[in-house]
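Residue 15 in my numbering sits at position 15 of the sequence shown, and the numbers go up by one each step.
Check each hint, because a few of them may be wrong.
[Unchecked claim] Below are the SDA-like pairs computed for lysine to any residue, each with C-alpha atoms no more than 20 Å apart in a straight line: (1) K35 to L80; (2) K35 to A79; (3) K41 to V51; (4) K72 to V49; (5) K35 to R5; (6) K45 to F25; (7) K72 to T61; (8) K45 to G9; (9) K72 to S3; (10) K35 to A2; (11) K35 to G9; (12) K35 to R48; (13) K72 to Q56; (14) K72 to G53; (15) K41 to D77; (16) K45 to M1.
[What the hints assert, rightly or not] Estimated spans, in silico, between C-beta atoms of each pair: (17) T89 to A18: 31 to 41 Å; (18) V22 to A79: 19 to 29 Å; (19) T91 to R48: 15 to 25 Å; (20) V19 to D64: 34 to 44 Å; (21) A95 to A60: 40 to 50 Å; (22) E99 to L52: 28 to 38 Å.
If you're looking for bench data, these hints aren't it; they were derived computationally from the structure. Glycine included, C-beta positions come from ideal geometry on N, C-alpha and C.
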Amino acid sequence: MASMRVMFGRYRQNQGGAVEQVGGFWREVEIYGAKAEACAKHLRKGSRVLVLGEEQDFMATDDDGNEVQVIKVVAEDVALQLSRIESITFTPSRARETEAAEA
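Based on the sequences and whatever the hints tell you, model everything.
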């Protein structure tokens with residue numbers, strides 16, 4: 001499992017037609033399995049991501065013994081957004097790896 005805090009920005013179009021951020025909120029995001037391993041390997045603080053998943057809320061007890069509502073997102077997928085990317089290196093497809101091994 002990988003857990004990360006993600007800022008979900010809120011945007012609107014201003015009177016000049018430009019899109020601007022007008023706030024947002026932070027959520028804890030959890031993802032599991034191979035996708036969690038990929039997130040841990042490739043993402044770093046400040047990465048822009050698209051999160052696909054389900055928001056869940058539940059009651060928990062804080063350090064002082066108070067009951068608090070916790071809201072988190074359990075992600076089906078996390079996609080790295082292309083803004084702020086300097087370069088991308090792709091691994092060969094499995095079919096090409098198999099062809100190279102047979103040659």
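Structure-based check of each hint:
A C-alpha spacing of about 12 Å is found between K35 and L80, which places the hinted pair at or below 20 Å, so the restraint holds. Between K35 and A79 the alpha-carbon distance is near 10 Å, which keeps this suggested pair within the 20 Å criterion. Proposed proximity of K41 and V51 is supported: the alpha carbons are some 17 Å apart, at most 20 Å. With a C-alpha separation of about 16 Å, the suggested pair K72 and V49 falls inside the 20 Å cut-off, and the hint holds.
Proximity of K35 to R5 is assessed by CA-CA distance (about 16 Å); at most 20 Å being required, the pair is judged to hold. Using a Cα cut-off of 20 Å, the hinted pair K45 and F25 holds, with the two alpha carbons roughly 16 Å apart. Of the pairs offered as hints, the one joining K72 and T61 holds, with about 15 Å between alpha carbons and a cut-off of 20 Å not exceeded. In summary, the hint linking K45 to G9 is supported, as the alpha carbons are separated by about 16 Å, within the 20 Å threshold.
The suggested pairing of K72 with S3 holds, with an alpha-carbon distance near 10 Å, which does not exceed 20 Å. As the CA atoms of K35 and A2 are separated by approximately 9 Å, the hinted pair is consistent with the 20 Å bound. Between K35 and G9, the direct Cα distance comes to roughly 23 Å. Violation of the 20 Å bound is thereby established for this hinted pair. Between K35 and R48 the CA atoms are separated by roughly 16 Å; this keeps the pair inside 20 Å, and the hint holds.
Between K72 and Q56 the CA atoms are separated by roughly 5 Å; this keeps the pair inside 20 Å, and the hint holds. For the proposed pair K72 and G53, the alpha carbon gap of about 10 Å is at most 20 Å, so the pair holds. This hinted pair checks out: K41 and D77 have alpha carbons roughly 15 Å apart, not beyond 20 Å. With a CA separation close to 17 Å, the supplied pair K45 and M1 stays within the 20 Å bound.
As the Cβ distance of T89 to A18 is approximately 34 Å, the hint placing it in 31 to 41 Å holds. For the pair V22 and A79, the supplied restraint of 19 to 29 Å holds, since their beta-carbon distance comes to about 23 Å. Roughly 22 Å separates the CB atoms of T91 and R48, a value that falls within the hinted 15 to 25 Å. For the pair V19 and D64, the beta carbons lie near 41 Å from each other, so the given range of 34 to 44 Å is met.
Distance hint check: the CB atoms of A95 and A60 are about 47 Å apart, consistent with the given range 40 to 50 Å. As the Cβ distance of E99 to L52 is approximately 33 Å, the hint placing it in 28 to 38 Å holds.
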